[in-house]
Each structure stands twice: as structure tokens, then as C-alpha cells.
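Protein sequence lines, in the order shown, are assigned to chains S and B. The first sequence begins at 5 in this note's numbering and counts up by one. The second sequence begins at 52 in this note's numbering and counts up by one.
Just so you know, these hints were derived from the structure itself, not from any lab. All of these numbers come straight from a predicted model, not from anything done at the bench. Please note: incorrect hints may appear among the correct ones.
Said to hold, decoys possible - Calculated cross-link-like contacts (lysine-lysine; reagent style DSS-like; alpha-carbon spacing at most 25 angstroms): (1) S:Lys186 <-> S:Lys137; (2) B:Lys177 <-> B:Lys242; (3) B:Lys218 <-> B:Lys177; (4) B:Lys165 <-> B:Lys177; (5) B:Lys216 <-> B:Lys242; (6) S:Lys137 <-> B:Lys132; (7) S:Lys137 <-> B:Lys216; (8) B:Lys216 <-> B:Lys243; (9) S:Lys137 <-> B:Lys177; (10) B:Lys123 <-> B:Lys177; (11) B:Lys218 <-> B:Lys132; (12) B:Lys165 <-> S:Lys137; (13) B:Lys132 <-> B:Lys165; (14) S:Lys137 <-> B:Lys168; (15) B:Lys123 <-> B:Lys74.
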Amino acid sequence: MDIDLILRVYPYFLEAAVVTVELSVLTILLGLICGALGAAARLSRFSFVRFLGAAYVSVFRGTPALIQLFILYFGGPQIGIQLDAFEAGVIGLGVNIGAYMTETMRGAIISVDHGQAEAARTLGLSRVQAFQKVVLPQAMRLMIRPLGVNINAQIKGTALVAAISVVELTYTAQRYIGSTYKPFEMFLLAGVLYLIIITITGKFISYLDRRVRLP
Amino acid sequence: MTDTPFVQIRHAQKAYGELEVLKDISLTVERGEIVAIIGPSGSGKSTLLRAINDLDPLTSGEVILEGVQVNKQLPHRQYEKHINEMRQQIGMVFQHFNLFPHLTVRENVTMAPKLLKGLSSADADKLAEEQLAHVGMSERIDYYPSQLSGGQKQRVAIARALAMKPKLMLFDEATSALDPELVEEVNLVMKKLAEEHMTMIIVTHEMDFAASVCDRVIFMDGGVVVEEGPPSVVFQNPTQERTQNFLRKHLAQYAEGAK
Numbered sequence: 005m006d007i008d009l010i011l012r013v014y015p016y017f018l019e020a021a022v023v024t025v026e027l028s029v030l031t032i033l034l035g036l037i038c039g040a041l042g043a044a045a046r047l048s049r050f051s052f053v054r055f056l057g058a059a060y061v062s063v064f065r066g067t068p069a070l071i072q073l074f075i076l077y078f079g080g081p082q083i084g085i086q087l088d089a090f091e092a093g094v095i096g097l098g099v100n101i102g103a104y105m106t107e108t109m110r111g112a113i114i115s116v117d118h119g120q121a122e123a124a125r126t127l128g129l130s131r132v133q134a135f136q137k138v139v140l141p142q143a144m145r146l147m148i149r150p151l152g153v154n155i156n157a158q159i160k161g162t163a164l165v166a167a168i169s170v171v172e173l174t175y176t177a178q179r180y181i182g183s184t185y186k187p188f189e190m191f192l193l194a195g196v197l198y199l200i201i202i203t204i205t206g207k208f209i210s211y212l213d214r215r216v217r218l219p
Numbered sequence: 052m053t054d055t056p057f058v059q060i061r062h063a064q065k066a067y068g069e070l071e072v073l074k075d076i077s078l079t080v081e082r083g084e085i086v087a088i089i090g091p092s093g094s095g096k097s098t099l100l101r102a103i104n105d106l107d108p109l110t111s112g113e114v115i116l117e118g119v120q121v122n123k124q125l126p127h128r129q130y131e132k133h134i135n136e137m138r139q140q141i142g143m144v145f146q147h148f149n150l151f152p153h154l155t156v157r158e159n160v161t162m163a164p165k166l167l168k169g170l171s172s173a174d175a176d177k178l179a180e181e182q183l184a185h186v187g188m189s190e191r192i193d194y195y196p197s198q199l200s201g202g203q204k205q206r207v208a209i210a211r212a213l214a215m216k217p218k219l220m221l222f223d224e225a226t227s228a229l230d231p232e233l234v235e236e237v238n239l240v241m242k243k244l245a246e247e248h249m250t251m252i253i254v255t256h257e258m259d260f261a262a263s264v265c266d267r268v269i270f271m272d273g274g275v276v277v278e279e280g281p282p283s284v285v286f287q288n289p290t291q292e293r294t295q296n297f298l299r300k301h302l303a304q305y306a307e308g309a310k
């Protein structure tokens with residue numbers, strides 16, 4: 005293993021890791037928004053809205069994220085959507101992970117015992133109040149860990165945007181392989197940096213989960 | 052409107068498809084009256100109770116509280132507003148307590164009064180202290196529900212309902228989920244309410260409690276009221292064969308359980 009090479013190139017990888025973190029943060033934020041909207045749609049009183057939510061989930065979970073990304077980035081200009089690679093990466097992957105988060109959030113919400121909403125309604129709370137004050141706070145606690153799984157997948161999933169030439173970790177590794185012919189060292193270095201990002205995120209999620217845990 | 056009954060159920064009927072759970076039930080409850088509804092499981096007694104605050108809406112028929120129809124047919128928004136106002140006047144206690152696990156005992160009691168009656172935190176706290184003292188739960192005011200026994204949870208649930216100052220209290224098998232040694236503490240609280248002349252409709256399996264506390268017992272079977280009357284009559288001299296059979300079976304089980 006060429007340690008000297010690793011020491012020489014790692015600063016560039018760190019810069020690329022920052023881009024990976026940015027991509028992760030933005031796609032996860034967008035995913036959470038899409039997930040909340042998707043879950044609200046899936047649980048709507050109106051069957052048409054429920055259908056829209058279900059369609060969103062099945063389309064985005066039923067096709068490869070890479071295809072979705074290609075349609076948006078390469079196919080977009082054909083129908084008048086002009087995005088640079090980074091924007092396309094954030095939107096494409098954010099909407100994609102949102103479909104998974106929809107199901108996570110919906111699952112957490114419906115696993116709160118129905119008696120909870122019933123007790124709240126019996127006191128005279130409206131549907132919205134019962135949801136905000138009673139169901140949601142309990143569902144939020146239930147969804148932290150499963151959302152952590154989605155987030156973990158998404159961080160690794162940002163590697164896909166290398167395919168549309170966003171200069172993040174995976175793309176950077178590939179680029180240095182072109183000039184150094186050392187795929188082992190380059191991919192290993194990228195892998196270690198992913199591992200660090202994921203480990204820190206995992207710790208943060210565990211911390212959050214512990215903080216809001218009930219006695 | 053002195054001649055209007057306090058609670059009036061008129062021609063209550065409920066069906067799930069082919070299955071008729073309530074078959075044209077009519078009954079009235081006077082102010083301050085304590086009524087027990089007994090009967091085998093599947094007799095429709097819980098469904099009837101849950102129809103009173105429209106938690107399980109009737110297929111047809113009316114529930115009227117002090118001359119105001121509870122289960123009005125209204126457009127969605129208007130219905131929501133109406134039913135929330137009605138439910139504030141009707142307290143309900145569930146078999147499984149349904150305390151809010153993410154809130155402390157105090158917060159369980161203060162949430163609805165703060166949210167719906169605009170009580171300040173100080174006033175709501177005072178109210179919670181009063182209501183919890185009433186059910187003997189003052190010491191646990193800052194505990195979470197998971198830190199309480201079943202009997203304690205149920206007493207808090209009663210305090211939570213009472214904090215809305217309801218006119219009517221519904222009890223849906225309030226002691227059925229409790230360990231036998233915890234039943235008494237909840238019964239005592241209910242007896243206390245009875246002495247204070249709270250109007251109560253109580254679905255129960257506890258014949259002793261029904262006999263000692265209630266003014267009237269309603270025996271339901273197969274979605275109809277088979278027999279009703281003062282406990283002394285229904286328990287000691289039931290006229291209907293179905294009532295006799297039910298009580299015999301129930302007493303046998305009770306004797307079995309006591310061994």
C-alpha cells in the first residue's frame with residue numbers, strides 16, 4: 005500500500021468529503037420535508053390524496069435512484085428543466101429518500117396506539133390538536149431510529165451523484181485513480197472517510213434517541 | 052325544560068354491514084343518576100357507551116344531552132366544532148387508561164383545560180393539584196405514567212377527565228384491565244364521585260360494585276336492553292331468563308376466581 009500517496013492526496017479527499025456532507029445534509033433535509041408531506045398524504049382523509057402519496061412511494065421506491073437522477077439531469081433539459089449537477093443531485097436524491105422516509109414516518113404514526121388519539125378526542129381536542137399534542141410527539145420518538153437507517157442509506161447513496169460528475173468523495177477517488185493507477189488506495193481512502201461521516205451521524209442519532217426517551 | 056331527561060338515547064341502532072350490534076335501544080338517564088350497564092361480551096354495551104360521545108357513531112338514532120343532540124349530522128367542519136364542544140362536557144375513562152405516556156401526570160391533567168379553556172399555567176396547575184388530590188394522586192404529580200401502577204394510572208385518567216368539569220362521566224370497563232388487588236382503589240374513587248352526585252354511566256363486569264353503587268342496572272344482550280331496574284331487583288329477582296342465565300354464569304365464574 006502506498007502510504008505516501010495517501011498522505012499526499014488526502015487533503016483533496018477531505019475537500020470532497022465536505023461536498024459529500026453538504027449533499028447529505030441537503031438531501032436529508034429535502035427528504036424529511038418530502039417524507040412528512042408524503043406521510044401526511046398517505047394518512048389523509050381524502051382518498052385521492054392518499055392515492056397521490058401511495059403513487060409517490062411506489063414510483064420512487066420502485067425504480068433505481070440512478071435512473072431517477074439520470075432522468076432529472078440528462079432528461080430534464082429536454083422538458084425545460086435546467087439544473088447543474090449538484091442541484092440535480094440534491095433534488096433527485098432528496099425526493100428519492102423522501103419516499104422511504106414517507107413510509108418510515110407513516111409507520112411510526114400508525115404504530116401509536118389508537119387509544120391515544122381517542123382519549124384526546126374524548127377530552128374535546130380537535131383532530132389536529134390530538135395529532136399535534138398527543139400522536140405526533142409519540143410518533144417522533146418512534147421514528148428517530150428508523151429514520152436513522154434511512155439517513156445512513158442516504159449518506160452512502162450520495163455516491164451516486166459521481167455518475168453525473170458532482171465532485172464528491174466517490175468521484176474524487178475515481179479521478180485520482182485516473183492519474184495514479186492506485187484504485188486500492190483511492191477507494192480505501194474514500195471508504196474510510198464515508199465510515200467516519202456515517203459513524204459520527206450514527207452517534208448523533210443514538211444521542212438524540214436517548215435524549216427524548218421516556219422514563 | 053325540567054321535563055327533558057338529562058341524557059336521552061332514542062332508537063339507537065348500529066350495524067357493521069349485516070351485523071347488528073345495537074338494535075333500537077332507547078333509554079334515559081337522569082341528572083345525578085348512576086347507571087351500570089352489564090351483559091356478556093359482544094352484547095353491545097361498550098358500543099352503546101361509546102356512541103354517547105359519538106366515538107362509535109350510531110347508524111341511526113339520537114343521543115341527546117340536556118336537550119342538545121350529540122350525534123348531529125352536520126357538514127364536517129361544523130360537526131367537528133360541535134362534537135368537540137359536546138365532548139368537553141362528557142368525560143370518559145377507558146379500560147386501558149390511555150394516559151399520554153410522553154406527558155407527566157400533571158401535564159396529562161392540564162393539557163386539555165389549557166388548550167381548550169385557555170387556562171393559564173398557574174390556574175391549570177392549581178386545577179391539576181385539586182383533581183389529583185381528589186383521586187389521591189398528589190404525590191405522583193410529576194411522575195410519568197410508566198412509573199405508575201395500573202390503579203394509579205386509572206385514577207389519574209379519572210382526574211384528567213374531571214379536570215374538564217364534565218356533566219357526565221362514562222366508564223368503559225374501568226377496572227377490567229387491573230390486577231385484582233388494584234381494583235378497589237379505583238372503585239373507591241368512583242364511589243366518591245357517586246356520593247358527589249356525578250352523573251355516571253358505567254359499563255362493568257363487577258356485579259358487586261354495580262349493586263352497591265348504582266341506582267339502576269341495565270342488562271344488555273344481543274344488542275338489546277333485556278332488563279333494567281334497581282340493582283336489588285335485577286340482581287335478586289331478575290324476571291328475564293337471559294338475565295338469570297348471565298348472572299348464574301357470572302356468579303359461578305366469580306366463585307371460581309375467588310378460590
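Status of the hints after comparison with the structure:
1. Of the supplied pair hints, the one linking Lys186 of chain S and Lys137 of chain S is violated, its CA atoms being roughly 56 angstroms apart against a limit of 25 angstroms.
2. Taking the CA atoms of Lys177 of chain B and Lys242 of chain B, the gap is near 24 angstroms; set against the 25 angstroms cutoff, the hint holds.
3. Note on Lys218 of chain B and Lys177 of chain B: the hinted pairing holds, with a Cα-Cα distance of about 21 angstroms set against a maximum of 25 angstroms.
4. Distance check on the hinted pair: Lys165 of chain B and Lys177 of chain B sit about 12 angstroms apart at the alpha-carbon level, within 25 angstroms; holds.
5. Straight-line distance between C-alpha atoms of Lys216 of chain B and Lys242 of chain B comes to about 17 angstroms, which keeps the hinted pair within the 25 angstroms bound.
6. For the proposed pair Lys137 of chain S and Lys132 of chain B, the alpha carbon gap of about 18 angstroms is at most 25 angstroms, so the pair holds.
7. Only pairs whose Cα atoms come within 25 angstroms are accepted, and Lys137 of chain S paired with Lys216 of chain B is accepted, the gap being roughly 21 angstroms.
8. Proximity of Lys216 of chain B to Lys243 of chain B is assessed by CA-CA distance (about 15 angstroms); at most 25 angstroms being required, the pair is judged to hold.
9. A distance of roughly 21 angstroms separates the Cα atoms of Lys137 of chain S and Lys177 of chain B; the hinted pair therefore holds under the 25 angstroms criterion.
10. For a cut-off of 25 angstroms, the pair hint linking Lys123 of chain B to Lys177 of chain B is broken: about 35 angstroms separates their Cα positions.
11. For the proposed pair Lys218 of chain B and Lys132 of chain B, the alpha carbon gap of about 18 angstroms is at most 25 angstroms, so the pair holds.
12. Between Lys165 of chain B and Lys137 of chain S, the direct Cα distance comes to roughly 12 angstroms. Compliance with the 25 angstroms bound is thereby established for this hinted pair.
13. With a C-alpha separation of about 17 angstroms, the suggested pair Lys132 of chain B and Lys165 of chain B falls inside the 25 angstroms cut-off, and the hint holds.
14. For the suggested pair Lys137 of chain S and Lys168 of chain B, the alpha carbons sit about 15 angstroms apart, so the restraint of at most 25 angstroms is met.
15. For the proposed pair Lys123 of chain B and Lys74 of chain B, the alpha carbon gap of about 20 angstroms is at most 25 angstroms, so the pair holds.
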